[in-house]
Amino acid sequence: MSVTNDQIKLHGLKLEEYKKIKDLLGRESNLLELGIFSAMWNEHCSYKSSRIHLKKLPTKNEIVIQGPGENAGVIDIGDDDAIVFKIESHNHPSFIEPYQGAATGVGGILRDVFTMGARPIALMNSIHFGSPENSKTQNLLNGVVSGIGGYGNSVGIPTVGGEIKFNSTYNENILVNAMAIGHANKNKIFYSKAKGINKSVVYVGSKTGRDGIHGATMASAEFDENSDEKKPTVQVGDPFTEKLLLEACLELMKDNSIISIQDMGAAGLTSSSVEMASKGKLGIELDLNKVPCREKNMTPYEMMLSESQERMLLILEDDKEKEAKKIFDKWDLDFVVIGKTTDTNRLILNYDNKKVADIPIKALADKAPVYDRSWSKSKPIKNKVKVKDLKKIKIEDALIKILSSPNHSNKNWITDQYDQIVMCDTIQKSGGDSAVIRIHKKDKAIAVSVDSSANYCKADPKVGGKQIVCENWRNLISVGAKPLAITNCLNFGNPEKKEVMGEFVECLEGIKEACEFLNYPIVSGNVSFYNETNSKSIYPTPVIGGVGVIENLKKVIDINTKKTGNLILIIGKTIGHLDQSAFLQENFSIFDGPPPEINLTNEKNNGLAVLKLIKDNLVQSAHDISSGGILVSLAEMSMFSGLGLKIFKPKKLTNHIEYFFGEDQGRYLIEISPNNKSKVENILKKNNVFFDHVAEVQNDTFEIEKVLNLKIKDLHFYNNQWYKKYNGIN
Amino acid sequence: MKSSVIVFPGSNCDRDIAIALEKLQFKNSMVWHKETELPKSDLIVLPGGFSYGDYLRSGAIAAKSNILSEVVDAGKKGALVLGICNGFQILIECGLLKGALLRNSGLKFISKDIFVKVISNKNKFFNKYQSEEVLKLNIAHNEGNYFTNKEHLKELEDNDLIPIKYCNEKGEIDSNSNPNGSINNIAGIFNNNKNILGMMPHPERMSDKLLSSEDGLPLFLSLIN
Numbered sequence: 001m002s003v004t005n006d007q008i009k010l011h012g013l014k015l016e017e018y019k020k021i022k023d024l025l026g027r028e029s030n031l032l033e034l035g036i037f038s039a040m041w042n043e044h045c046s047y048k049s050s051r052i053h054l055k056k057l058p059t060k061n062e063i064v065i066q067g068p069g070e071n072a073g074v075i076d077i078g079d080d081d082a083i084v085f086k087i088e089s090h091n092h093p094s095f096i097e098p099y100q101g102a103a104t105g106v107g108g109i110l111r112d113v114f115t116m117g118a119r120p121i122a123l124m125n126s127i128h129f130g131s132p133e134n135s136k137t138q139n140l141l142n143g144v145v146s147g148i149g150g151y152g153n154s155v156g157i158p159t160v161g162g163e164i165k166f167n168s169t170y171n172e173n174i175l176v177n178a179m180a181i182g183h184a185n186k187n188k189i190f191y192s193k194a195k196g197i198n199k200s201v202v203y204v205g206s207k208t209g210r211d212g213i214h215g216a217t218m219a220s221a222e223f224d225e226n227s228d229e230k231k232p233t234v235q236v237g238d239p240f241t242e243k244l245l246l247e248a249c250l251e252l253m254k255d256n257s258i259i260s261i262q263d264m265g266a267a268g269l270t271s272s273s274v275e276m277a278s279k280g281k282l283g284i285e286l287d288l289n290k291v292p293c294r295e296k297n298m299t300p301y302e303m304m305l306s307e308s309q310e311r312m313l314l315i316l317e318d319d320k321e322k323e324a325k326k327i328f329d330k331w332d333l334d335f336v337v338i339g340k341t342t343d344t345n346r347l348i349l350n351y352d353n354k355k356v357a358d359i360p361i362k363a364l365a366d367k368a369p370v371y372d373r374s375w376s377k378s379k380p381i382k383n384k385v386k387v388k389d390l391k392k393i394k395i396e397d398a399l400i401k402i403l404s405s406p407n408h409s410n411k412n413w414i415t416d417q418y419d420q421i422v423m424c425d426t427i428q429k430s431g432g433d434s435a436v437i438r439i440h441k442k443d444k445a446i447a448v449s450v451d452s453s454a455n456y457c458k459a460d461p462k463v464g465g466k467q468i469v470c471e472n473w474r475n476l477i478s479v480g481a482k483p484l485a486i487t488n489c490l491n492f493g494n495p496e497k498k499e500v501m502g503e504f505v506e507c508l509e510g511i512k513e514a515c516e517f518l519n520y521p522i523v524s525g526n527v528s529f530y531n532e533t534n535s536k537s538i539y540p541t542p543v544i545g546g547v548g549v550i551e552n553l554k555k556v557i558d559i560n561t562k563k564t565g566n567l568i569l570i571i572g573k574t575i576g577h578l579d580q581s582a583f584l585q586e587n588f589s590i591f592d593g594p595p596p597e598i599n600l601t602n603e604k605n606n607g608l609a610v611l612k613l614i615k616d617n618l619v620q621s622a623h624d625i626s627s628g629g630i631l632v633s634l635a636e637m638s639m640f641s642g643l644g645l646k647i648f649k650p651k652k653l654t655n656h657i658e659y660f661f662g663e664d665q666g667r668y669l670i671e672i673s674p675n676n677k678s679k680v681e682n683i684l685k686k687n688n689v690f691f692d693h694v695a696e697v698q699n700d701t702f703e704i705e706k707v708l709n710l711k712i713k714d715l716h717f718y719n720n721q722w723y724k725k726y727n728g729i730n
Numbered sequence: 731m732k733s734s735v736i737v738f739p740g741s742n743c744d745r746d747i748a749i750a751l752e753k754l755q756f757k758n759s760m761v762w763h764k765e766t767e768l769p770k771s772d773l774i775v776l777p778g779g780f781s782y783g784d785y786l787r788s789g790a791i792a793a794k795s796n797i798l799s800e801v802v803d804a805g806k807k808g809a810l811v812l813g814i815c816n817g818f819q820i821l822i823e824c825g826l827l828k829g830a831l832l833r834n835s836g837l838k839f840i841s842k843d844i845f846v847k848v849i850s851n852k853n854k855f856f857n858k859y860q861s862e863e864v865l866k867l868n869i870a871h872n873e874g875n876y877f878t879n880k881e882h883l884k885e886l887e888d889n890d891l892i893p894i895k896y897c898n899e900k901g902e903i904d905s906n907s908n909p910n911g912s913i914n915n916i917a918g919i920f921n922n923n924k925n926i927l928g929m930m931p932h933p934e935r936m937s938d939k940l941l942s943s944e945d946g947l948p949l950f951l952s953l954i955n
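Chains A and B, in that order, are what the protein sequence lines are.
Here the first sequence is numbered in this note's numbering, starting from 1 and rising by one per residue.
Here the second sequence is numbered in this note's numbering, starting from 731 and rising by one per residue.
Certain hints may be false.
Facing chain B, from chain A, some residues (calculated, C-beta under 8 Å) [as the list claims (entries may be wrong)]:
id : residue
1  : 154
2  : 298
3  : 301
4  : 414
5  : 416
6  : 420
7  : 424
8  : 427
9  : 431
Simulated from the structure, these hints should not be mistaken for laboratory data.
Predicted, not measured: the structure shown is a model, and the values here were computed from it.
Note that beta-carbon positions come from the ideal geometry of N, C-alpha and C, so glycine has one too.
Can you make the complete structure from the sequences, with help from the hints?
In structure tokens, the structure reads:
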């Protein structure tokens with residue numbers, strides 16, 4: 001029985017792709033095989049549009065243990081400790097069903113991390129919504145936030161921060177990117193590559209149901225007004241089972257019984273079995289009658305394409321089954337041998353004693369289509385914005401406007417729904433420049449930050465790409481961490497459009513250049529295309545998740561100013577770049593002009609100098625300067641500590657608006673004791689770092705002489721105003 | 731001092747509480763919920779988390795697990811039992827404590843640092859705190875809104891059975907400092923004999939200066955004779 005053209009299209013495959021399938025099989029495929037091909041060849045699983053570009057990224061250096069291609073990246077942080085991490089998108093499902101979409105996004109990324117033998121120690125996220133006034137936004141926001149919290153809280157992994165942004169570009173395509181970070185012994189990392197013939201293939205975890213069938217195919221297409229009908233393709237999460245699976249897997253990993261392990265994520269049983277076999281250059285044969293099913297009469301097609309959550313596939317050493325089963329019995333989880341590895345290099349599926357599918361593994365993995373899609377060069381905005389009434393704006397009013405805007409308003413009302421403390425190793429929660437997590441029972445920590453700058457990327461994809469990497473690097477340095485490596489989630493529109501593909505290619509060029517310069521490799525990641533509805537694409541939104549190490553817990557720095565009389569220095573040069581700034585957006589609704597330039601040499605030099613000052617115990621608090629410029633960053637420091645600041649007027653820049661709100665890059669604010677002034681200045685001069693004095697810490701007034709005078713409680717008031725109104729809180 | 735921390739499927743604060751206890755030299759054992767015998771212990775802890783996924787009702791299924799009948803027997807015989815967060819919910823579900831823990835009044839999961847005031851230190855759990863001392867602790871729950879009927883509430887208030895109440899930094903107990911809508915700002919309660927304590931805030935999360943404060947440690951110290 002061959003398949004029809006309609007069936008091919010419904011599976012998201014092109015007719016020429018089906019022709020290729022026929023050639024690879026040497027015959028027509030049956031419906032089950034078509035489903036399997038569609039699951040493996042869709043954009044989400046095959047990276048067919050992005051693969052040739054991703055290959056150009058730097059993925060290796062002396063600390064990288066495992067780069068892209070496995071469930072997650074692995075880096076060495078010394079003393080046999082390894083950090084395993086990855087970020088992944090769950091954009092499409094979260095728009096259709098926000099709670100479950102976001103929850104299963106968290107579940108999936110956690111499995112990616114513990115599959116590799118790591119205990120997850122933190123979760124982060126980057127979530128982007130449409131404009132707050134959009135009728136869908138509030139519901140989506142509430143659903144996504146409850147979903148993220150509902151899953152992470154229940155599994156018991158702290159959700160320690162991330163970013164929440166609003167922009168009308170996401171009105172019909174929200175972004176939900178979740179990142180998980182785990183800790184492992186570097187000598188006990190587990191991989192998905194199968195080894196050996198006739199080894200048992202074991203299914204563990206939840207039963208297979210009819211949920212999420214074709215989820216990955218759904219995530220590889222754009223939306224239209226009928227997208228609600230795709231709800232059944234969204235999976236349903238069960239964090240309770242995830243917790244059991246996590247504990248059972250980690251318990252089993254203590255001895256040497258696992259040859260290979262792979263979670264059943266996108267495209268479920270299909271992709272996990274094919275991936276293991278493909279990496280091991282083996283075949284795999286499954287008896288589908290043995291698959292634990294949640295519902296009666298499930299067909300092979302449904303079993304192979306279900307994306308039911310909380311399931312894993314293991315290949316075990318001979319004679320280890322009994323002991324392994326004991327562990328899964330203890331945790332009340334299914335443990336069933338459903339097949340074996342073979343030397344046929346084929347995926348063979350049997351059901352009711354009949355062979356129901358027979359596909360060369362290579363056809364599914366290596367032979368998946370790869371497209372060098374045509375792309376057009378972007379036209380970066382070069383002309384600077386000219387604002388006539390710029391100087392009429394009062395600095396105090398402008399600051400208040402930014403602080404009380406949705407994007408800069410206090411986000412505690414969201415992060416208070418996440419358990420940030422469970423596991424008792426959270427040294428810094430969300431709200432600062434990076435989250436800081438102690439390595440359990442050790443004297444060191446890691447820092448994690450997640451960043452994006454869609455406005456910059458839209459205006460100039462290459463500069464934007466560079467900027468995010470740099471901002472992420474800066475955020476880690478600001479807490480005293482040495483930045484080590486990143487994971488990225490590349491959220492873009494339809495890659496079949498030249499302009500979108502152009503944005504993708506150029507953003508990657510920027511990311512590549514910055515990563516190479518900063519020796520900041522990319523060890524894992526995910527591409528999410530087709531973030532598009534009715535042919536309208538989102539702004540290019542690459543998200544970078546960076547990890548750094550703090551070797552001594554005594555050297556963790558936060559953004560809390562510490563003592564009146566202390567000085568605040570600015571590191572890095574201020575030119576006053578207002579284009580694309582929060583200032584112009586919030587005060588004039590202008591979203592125009594080029595993004596701030598990135599000077600990688602200065603970026604690195606400034607960052608390393610700050611890190612040196614921190615190591616020499618000369619810094620008491622630090623904050624990177626990003627959206628909103630100097631004044632907003634200073635206000636954030638004051639709001640955290642409750643201490644005021646006496647802010648000096650610029651000596652050189654005559655335009656105060658440009659000075660206080662410009663978003664020049666590569667800058668930090670650091671608090672130092674006046675006693676260390678000359679010591680600090682000497683180090684900075686010696687390293688050719690530009691610096692200046694910007695403020696002095698004082699009691700509770702935040703002021704610029706004759707320009708601005710606010711109490712800290714006023715800053716809090718304005719910073720809390722927006723969400724209270726939005727949520728109807730008095 | 732010997733302690734036992736009961737581990738249910740879905741418990742996730744079991745490791746945290748064990749670390750706090752071990753820091754104070756408790757000889758601690760982790761007891762799996764399927765066990766039918768409790769090791770000899772001076773203190774039994776039901777930790778926080780989402781036992782059985784909080785399905786059916788928070789704590790409802792855990793209250794029926796094997797080991798719980800042992801815990802109930804021991805508690806009735808006077809053993810010290812501490813239920814934190816999900817553990818408090820389990821103590822209510824198994825009947826060792828009275829009342830109910832409803833959904834938070836804001837209908838959202840809340841995790842943040844809060845303040846509680848020590849109302850009564852004349853008991854085994856709070857004797858190392860000053861009376862009226864204000865503590866900073868952390869909460870993380872969806873169902874922590876304590877409710878009980880008038881008669882029982884009176885009994886609790888009259889017999890010193892409410893050791894801690896939510897308050898603000900200055901120690902003022904009012905509706906603004908009540909994070910979840912609990913009746914009379916109740917953050918924890920005792921049984922009549924004061925050997926069984928259920929509380930929503932997590933003392934184990936405030937047992938390490940490097941992370942936050944050590945306001946939770948005196949609770950465990952109080953238990954050491």
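(message) Interface hint check: residue 414 of chain A, Cβ to nearest Cβ on chain B, cutoff 8 Å. Holds or violated?
(response) Hint violated; residue 414 of chain A Cβ to chain B Cβ min 10 Å, cut 8 Å.
(message) For the restraint on residue 420 of chain A, tell me whether the closest CB of chain B is nearer than 8 Å.
(response) holds, 6 Å
(request) Classify the hint on residue 424 of chain A as holds or violated, based on whether any CB of chain B lies nearer than 8 Å to its CB. (result) holds, 4 Å
(message) The hint names residue 154 of chain A as touching chain B; please verify it with the least Cβ-Cβ distance against 8 Å.
(response) holds, 4 Å
(message) Given a cut of 8 Å on the nearest C-beta pair, is the interface hint for residue 298 of chain A held or broken against chain B?
(response) Violated, because the Cβ-Cβ distance from residue 298 of chain A to chain B comes to roughly 24 Å (cut-off 8 Å).
(message) Does the closest beta carbon of chain B sit nearer than 8 Å to the beta carbon of residue 301 of chain A?
(response) violated, 30 Å
(request) With a cut-off of 8 Å on the beta carbons, see whether residue 416 of chain A makes it to chain B. (result) holds, 5 Å
(request) With chain B as the partner, please determine if residue 431 of chain A meets the hint condition of a C-beta pair closer than 8 Å. (result) With a minimum Cβ separation of about 12 Å from chain B (threshold 8 Å), the hint on residue 431 of chain A is violated.
(request) Tell me if residue 427 of chain A is really an interface residue toward chain B, meaning its C-beta lies closer than 8 Å to one of theirs. (result) Since the shortest Cβ distance to chain B is 6 Å, the answer is holds.
Checked against the numbered hints above, the structure breaks hints 2, 3, 4 and 9 and satisfies the rest.
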